[in-house]
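K.L.:
In order, the protein sequence lines correspond to chains A and B.
Residue numbering for the first sequence follows our numbering, beginning at 41 and increasing consecutively.
Residue numbering for the second sequence follows our numbering, beginning at 41 and increasing consecutively.
Hints were generated in silico from the structure; no laboratory data involved.
Given the structure is predicted, the values throughout are model-derived calculations rather than measurements.
Check each hint, because a few of them may be wrong.
Given that identical chains are not distinguished, each listed pair holds provided it fits within a single copy or across any two copies.
In silico DSSO-like cross-links for lysine-lysine, where the CA-CA straight-line distance does not exceed 30 Å [what the hints assert, rightly or not]: (1) Lys77 - Lys64; (2) Lys223 - Lys173; (3) Lys113 - Lys227; (4) Lys173 - Lys220; (5) Lys171 - Lys159; (6) Lys230 - Lys58; (7) Lys227 - Lys58.
Protein chains: 2
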Amino acid sequence: MAKTKDENTENSILNAAKNVFQSKGMDGARMQEIADKAGINKAMLHYYYRSKQLLFEAVFKNAFALLAPQLNKVLNDDSSIEDKIRNFTSNYISFIIKHPYLPAFIIQELNRNPSFILKLKQNKGFPNLEKFKKQVNLEIEQKLIKPIHAEQLFINIMALNIFPFVATPLIKAFANINDKAFKQLMKDRKEEVADFIINSIKI
Amino acid sequence: MAKTKDENTENSILNAAKNVFQSKGMDGARMQEIADKAGINKAMLHYYYRSKQLLFEAVFKNAFALLAPQLNKVLNDDSSIEDKIRNFTSNYISFIIKHPYLPAFIIQELNRNPSFILKLKQNKGFPNLEKFKKQVNLEIEQKLIKPIHAEQLFINIMALNIFPFVATPLIKAFANINDKAFKQLMKDRKEEVADFIINSIKI
DNA sequence: ATTTAGTTTAACCATTTGGTTAACAAAAGT
DNA sequence: ACTTTTGTTAACCAAATGGTTAAACTAAAT
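Full structure from sequences and hints, please.
P.N.:
Listed below in structure tokens is the structure:
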């Protein structure tokens, strides 16, 4: 396929692998297809990455490293809960529109192999709820927001932002809309979702 | 595996196939494993279902047929929006706790092959938003709920209810909780999610 | 009792797939 | 100049995999 200045072979392999793995998953991906897309011989894949498993892990870690900082924004910055939610929602949806396969890929592969997340958890920078919890409880005490468990609020924020990009075909079918209308709906959500959440918790 | 009165072979195959396909997906599933779990010879799979693809489709249609009526409850019954949301949320989460693999399976396979949903769309009983849209707009006119696009509200309801069961490993890792705590969190959501939605749209 | 239709099995087959090997080319050290 | 290291290829391999076949078994129908 297009080899738009992939510089070195190692990188063009990773790019091709990203493509194939993210659209077909570990089980559906074929080493031959990755090699073809990278424009090289299949043996090169093993020369640079030893095995399908290791190549996959390189792709997965890359993908996760892209997603994690986005989540940390909600959890670890110092603005108010309301500002956080507005910022995060707008940024996150913009981000995902650029990487539409990402969330479904990560979720699918973690379901296939849940123990894989244990490795990721050890990295520093792995999202952690502690600070967010304290902040939520503080704002509840200060009567800034209605009582809610921080975990539930966090799940709700994730769900409202991520779900449509994971269940795209389902939503398109139920709402009976085409690709263009779906994209518009997602753009609208940048504001709608934040309003929806804040409406619910604001006193 | 356990062959607890599976009656006929055809059914025990379908059961085994359900197990394997729903936990490993189409690409990860192996005919041999299905045969072993059903306690029969691999040739029987082809005798009764001709091919992996057809066996898979039988499982998938079964799964979808289980999910669709649940969604139609929100869309086509005659109670108020508020009652619908409360009923649906409580029922749906109970339902999914009994079939935890279902939503991830359906979403994963539709992402793998989005055109597959076209076949399903032709079935009557396929969820449709028209009635729900009218009702939402009516209740907005009557000042019973705040203005919101019906599609967005529907997406939000789906997201808040379904997402945690699709992204279970992710949520468990972020919230740093074990299986027991996660299950409790999900039970709590039966009420919390409905409150969250209604808080947001109620005037 | 014998035919017939449906069910089940073991052995087999062709293809696909991840991975390896050996030869070769091109840089990089010396 | 030559030796070593790195990058690349084509051909090959063993295992796995979906699928087929022909024969055997079973039970009801004739």
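K.L.:
Work down the list of hints and note, for each, if the structure agrees.
P.N.:
We went through each hint and held it up to the structure:
1. Lys77 - Lys64: Cα proximity of Lys77 and Lys64: in one copy and across copies (14 Å, 26 Å).
2. Lys223 - Lys173: between (33 Å within a copy, 19 Å between copies)
3. Lys113 - Lys227: The answer is both: 20 Å in one copy and 28 Å across copies each meet 30 Å.
4. Lys173 - Lys220: between (38 Å within a copy, 20 Å between copies)
5. Lys171 - Lys159: within (22 Å within a copy, 47 Å between copies)
6. Lys230 - Lys58: within (27 Å within a copy, 38 Å between copies)
7. Lys227 - Lys58: within (25 Å within a copy, 37 Å between copies)
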